[in-house]
Every structure is written in structure tokens, then in C-alpha cells.
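> Same order as they appear, the protein sequences are chains B and Y. So for the first sequence, the working numbering puts the first residue at 1; every next one is plus one. So for the second sequence, the working numbering puts the first residue at 1001; every next one is plus one.
Using 27 Å as the maximum straight-line C-alpha spacing, the simulated DSSO-like pairs for lysine-lysine come out as follows: (1) Y:LYS1040 to B:LYS106; (2) Y:LYS1010 to B:LYS106; (3) Y:LYS1064 to B:LYS35; (4) Y:LYS1064 to B:LYS73; (5) Y:LYS1031 to B:LYS106; (6) Y:LYS1040 to Y:LYS1064; (7) B:LYS73 to Y:LYS1059; (8) Y:LYS1019 to B:LYS106; (9) B:LYS22 to B:LYS35.
Anything over 12 Å on all C-beta distances counts as not near chain B; from chain Y, calculated: (10) MET1001; (11) LEU1025; (12) LEU1028; (13) ASN1032; (14) ASN1035; (15) THR1052; (16) LYS1053; (17) GLU1057; (18) TYR1076.
I should point out that these hints are in silico values taken from the structure, not numbers from a laboratory. Values in this document were obtained by computation on a predicted structure and should not be read as measured data. Backbone N, C-alpha and C define an ideal beta-carbon position, used for all residues, glycine too.
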Amino acid sequence: MNIGVVVFPGSNCDHDCQHVFKDVLGQDVTMIWHKETSLAGVDAVILPGGFSYGDYLRTGAIARFSPVMNAVKEFASGGGLVLGICNGFQILLEAGLLPGTMLRNKSLHFICRETCVKVENAATPFTNVCRSGQVLKIPIAHADGNYYTDPVTLAGLQANAQIIFRYCTADGKVTPEACPNGSLDNIAGIRNAEGNVLGMMPHPERCAESVLGNEDGRAVLSSIVEGIKKV
Amino acid sequence: MKAKIHVTLKQGILDPQGKAIEHALDSLGFKNVANVRVGKYMELDLDQNDRTKAEAEIKGMCEKLLANTIIEEYRYELQS
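Pulled out of the complex, with its shape left as it was, chain B reads as follows (with noise of 0.2 Å):
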């Protein structure tokens, strides 16, 4: 299996990314510089988190307009899985492969903490490995998490099973004061209609092996290996 890795420039969680798919899940990765137009060979493709283009003008409205994007999109309406990670996520939204955008954190902090979020639907190549409900110890690391979309969008996201994860309590209660960045309906991670690209705000790569204390994060990409197995 091949995991393709976008890198653009100012992204910073590739490595980690990179690492944990390769030496932790034991999978081939393939870096892949922004200015490529091809993902030939690649069986997902990972956005990972940074501060693509240094965030001028708005998260992730540069980098939308790389040229491995245009095959991004092409790899995303043929089917194939597309992760997201915090900046990743931004720049989905961007790229209009997610609904919706990010507001600044409503506290206007940047937050870096551990975050408990709540799988919402445990039956998406993204997910498979979790339980529907189980809570997972995610870290996030961003100022611009506070997800927002007009009324009509948030309610088909509602309906179709779209919120995948959902900031809570350590015992699984989706409460205002659950969520750190004043996302609108505690959001963390959506995925599309079609279900096969996913964003999300909180860091998996970030706590995948248990020298680091927390291996959580490893459920969501383990999710993705074993995801492709059953396509």
C-alpha cells in the first residue's frame, strides 16, 4: 500500500506523517511536492497540517490553487481517500472538497492541547476501527478551528452522518464547554457526501505510538490502511 504526502511550502507535520505510516503501520509513502500534477500510484493521499504559504490572505486559500491540487480533486471525484489534518482540513475547505470555512479561534488563542473528540460514525474508511461513540485523546494545534457554515449545510452534514468526530468530555459528552475553538456544533472532523475525503482538525499523527503517551491517534490511520484493504 502507498500513502501519498503532500508537502507544500510551510507545511510541517509531513514527517510526522510520513513516520507514522511508514515505520509505525509499516506502509510505503511517497512524498509529493505541491508543484506535481500527478498521484499516479498513490492508494490515499494525506494533507498534513502546517502553515502552508505562511496563512497569508486566509488558512489554506493559497495553497487551494497549488498544482497537485487539480489532481487531488481528480483522485477525490474518481473515489480515493483524502485526509485532511488541521491545515490539510483548511485547505479542503478551501479547495471546496469540504463545505463550509474556519473563523479564527473564538477565544483569538492559538490552542495546543489535548482534545477529547467523540467518533460519530464509526462505519467510514476513515473511522472503521474505532466504535461509534468511542472517545479518543486527540492534540490540536491551530488558531483558525472554528468551524462555520450557514444553517442549510450544517443541517445535511447533521443528517447525512457527515460529522465524523465531535470535540467532547473525557466521558463522551458533547458539551459547549467541550469545545475549545467555538466550532459550530463542537465539529472536529467532516467528511463529503461521498464519504471518502475526510478533514479534521485534530492532530492523529501526533499520538500514534506509545513512546509518545498517547496512541490514539493511531485508530484513525490504522482506519485508512485498513480501509483500502476493503476497497
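Chain B is already provided as a structure; the job is to place chain Y on it using the hints.
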């Protein structure tokens, strides 16, 4: 032609920066301030003398890149 472009959050969209500035102004004694909204201001030179064409180009830039029309609106002035 020079274009001056303003991009601001739409009414009803929470503007935490605006709120923070409003509180700061209040604590500095500016008690009669309300509805602070923060936006972006951009200037650019456009090699285009036809006003209609220039407007179309600026609109295209705003829709495609300069503003995220889910949450932002834009306005512009053109100067020959």
C-alpha cells in the same frame, strides 16, 4: 489603473478580533464604541485602461481568491 479592495466579514459572522478590539477600546475609556469589525485592505496596480474590463477582473479575483464569500464580502474602488 489602481484598485483598492476591502474585504470584510459579512454581517452576522462572529468577529472575535473585532470584539477583542472593542473591549480594549472600552478599557481605554472609549465608551461610546460599538460593532467593531476587522477586515483586510489590499491595493494593486492593474494594466488595464477599460473600466468595465477592470471591474470584471477585480470581481474575478475577489470571488476566486481575495475573499471567501461564505463568510466575507468585498468592495473596491478603481482609480485611473
